[in-house]
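Undergrad: The lines below spell out each chain.
Number of protein chains: 2
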Amino acid sequence: MTPVRRSGPDLTEAIMRTTLELGQELGYAKLSIEAIAARAGVGKHTVYRRWSSKGALLLDSLLSRGGSALDYPDTGDLRADLRRQIQEAVGLLAKGPLSPLFKALVGEAQHDPGIAAALNERFIAPQAAKTVARLEAARDRGQLAPDFDLDLAMAILSGPLYFRLLITQEPLTSDYVDRVLDALFAGMGPRP
Amino acid sequence: MTPVRRSGPDLTEAIMRTTLELGQELGYAKLSIEAIAARAGVGKHTVYRRWSSKGALLLDSLLSRGGSALDYPDTGDLRADLRRQIQEAVGLLAKGPLSPLFKALVGEAQHDPGIAAALNERFIAPQAAKTVARLEAARDRGQLAPDFDLDLAMAILSGPLYFRLLITQEPLTSDYVDRVLDALFAGMGPRP
Numbered sequence: 001m002t003p004v005r006r007s008g009p010d011l012t013e014a015i016m017r018t019t020l021e022l023g024q025e026l027g028y029a030k031l032s033i034e035a036i037a038a039r040a041g042v043g044k045h046t047v048y049r050r051w052s053s054k055g056a057l058l059l060d061s062l063l064s065r066g067g068s069a070l071d072y073p074d075t076g077d078l079r080a081d082l083r084r085q086i087q088e089a090v091g092l093l094a095k096g097p098l099s100p101l102f103k104a105l106v107g108e109a110q111h112d113p114g115i116a117a118a119l120n121e122r123f124i125a126p127q128a129a130k131t132v133a134r135l136e137a138a139r140d141r142g143q144l145a146p147d148f149d150l151d152l153a154m155a156i157l158s159g160p161l162y163f164r165l166l167i168t169q170e171p172l173t174s175d176y177v178d179r180v181l182d183a184l185f186a187g188m189g190p191r192p
Numbered sequence: 001m002t003p004v005r006r007s008g009p010d011l012t013e014a015i016m017r018t019t020l021e022l023g024q025e026l027g028y029a030k031l032s033i034e035a036i037a038a039r040a041g042v043g044k045h046t047v048y049r050r051w052s053s054k055g056a057l058l059l060d061s062l063l064s065r066g067g068s069a070l071d072y073p074d075t076g077d078l079r080a081d082l083r084r085q086i087q088e089a090v091g092l093l094a095k096g097p098l099s100p101l102f103k104a105l106v107g108e109a110q111h112d113p114g115i116a117a118a119l120n121e122r123f124i125a126p127q128a129a130k131t132v133a134r135l136e137a138a139r140d141r142g143q144l145a146p147d148f149d150l151d152l153a154m155a156i157l158s159g160p161l162y163f164r165l166l167i168t169q170e171p172l173t174s175d176y177v178d179r180v181l182d183a184l185f186a187g188m189g190p191r192p
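These protein sequence lines are chains A and L, in that order.
If you're matching positions, the first sequence starts at 1 in the UniProt record's numbering and goes up one per residue.
If you're matching positions, the second sequence starts at 1 in the UniProt record's numbering and goes up one per residue.
Any given hint could turn out to be false.
A pair holds if it fits inside one copy or across any two, identical chains being indistinguishable in the list.
[To be verified] Once the Cα atoms are required to be at most 25 Å apart in a straight line, the calculated SDA-like pairs of lysine to any residue come out as:
#, residue 1, residue 2
1, 44, 26
2, 30, 56
3, 44, 141
4, 30, 52
5, 130, 11
6, 130, 182
7, 44, 178
8, 30, 179
9, 30, 176
10, 95, 72
Bear in mind the hints are in silico, worked out from the structure with no lab data behind them.
Extracted from the complex, chain A is given alone in its bound form (with noise of 0.2 Å):
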């Protein structure tokens, strides 16, 4: 049991680690809002007042764990600063003790679209941001092509990331976050 004072914000900071103690137990399919409030020691329609889901807790749950941890390093060695931050999120998302929980939470956005825009606003928009400005300092300083569309560079970053995440569900390696950054850099046509 988690003791809850029944203030606001330590109220709702209590609900949100109660979320995550009981959904890494449970699981996300087993998980309710009537187990977290009975775990936390609330009525149910005190979750409700906050939070209109199940998705919507747990988004605001992880989202109050670690999300500003995942800012980009800029020591003007671009590879080696992405690298950085790539291996911390993939720490965070991937291996981490909360990690199955974000995946169920990318699987619930796949039939919620108000979890799919929040998770988006407020997570991923944030995050591909930063990883445009550091690749926009790199550019600025000729360390990438000037006509390289920032967007596409960020996506093929994350993109083969979250396809062994959500899609092969493949380990990702250290080896695996080289590998893709060296053919961002690279490319793969034949060399001269």
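Following the hints, put chain L in place on chain A, whose structure we already have.
TA: Same frame as chain A, now just chain L:
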């Protein structure tokens, strides 16, 4: 109502057809085995004898349509052949009337390991193998760098498309497919 003859393959085919019809009408979340059985004019145990879950039934139903259409031509022009196959896949999975059901199935795979495994084994892996075979033929003709990792190339072709389809939900335009192909061949390092 779809009239159903009660012999094996006809019955299986009728249940799968009904699943896709009703799935398009109701959406995946509201689709149920009970409703499919009622529409097909069979008992729900008849459905459960063949499929253990709604997800398993949807997977079979989707695979019974169109999967074999996604073969690669080999005209000798690698880029044109990739482009044509990708446009067909995008048409089927991301734009066609079955697209919401395909996305829902990928969503289901995020919390059902059996669905995830079956989706990979019966759809993703065979499609990936076709892509790799087409790339390999091109590499053997010197159209790709000899040391390039073809599995990774497959992920760079697929990943950004699934990223848009499942995560950002942006449209998969022909222009976007062309940009992914450009990046795959040319990379984004500074040009000499």
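Undergrad: State for each hint whether it applies.
TA: Here's how the hints hold up against the structure:
1. 44 <-> 26: within (18 Å within a copy, 29 Å between copies)
2. 30 <-> 56: For residue 30 and residue 56, both the intra-copy (16 Å) and inter-copy (19 Å) Cα distances are at most 25 Å.
3. 44 <-> 141: Close neither inside one copy (54 Å) nor across copies (65 Å); limit 25 Å.
4. 30 <-> 52: both (18 Å within a copy, 18 Å between copies)
5. 130 <-> 11: Result: close neither inside a copy nor across copies, 31 Å intra and 53 Å inter.
6. 130 <-> 182: Both: 20 Å inside a chain and 23 Å across chains, each within 25 Å.
7. 44 <-> 178: neither (46 Å within a copy, 50 Å between copies)
8. 30 <-> 179: neither (37 Å within a copy, 41 Å between copies)
9. 30 <-> 176: For residue 30 and residue 176, neither the intra-copy (33 Å) nor the inter-copy (38 Å) Cα distance is at most 25 Å.
10. 95 <-> 72: within (19 Å within a copy, 35 Å between copies)
Hint check: violations occur at hints 3, 5, 7, 8, 9; the rest are consistent with the structure.
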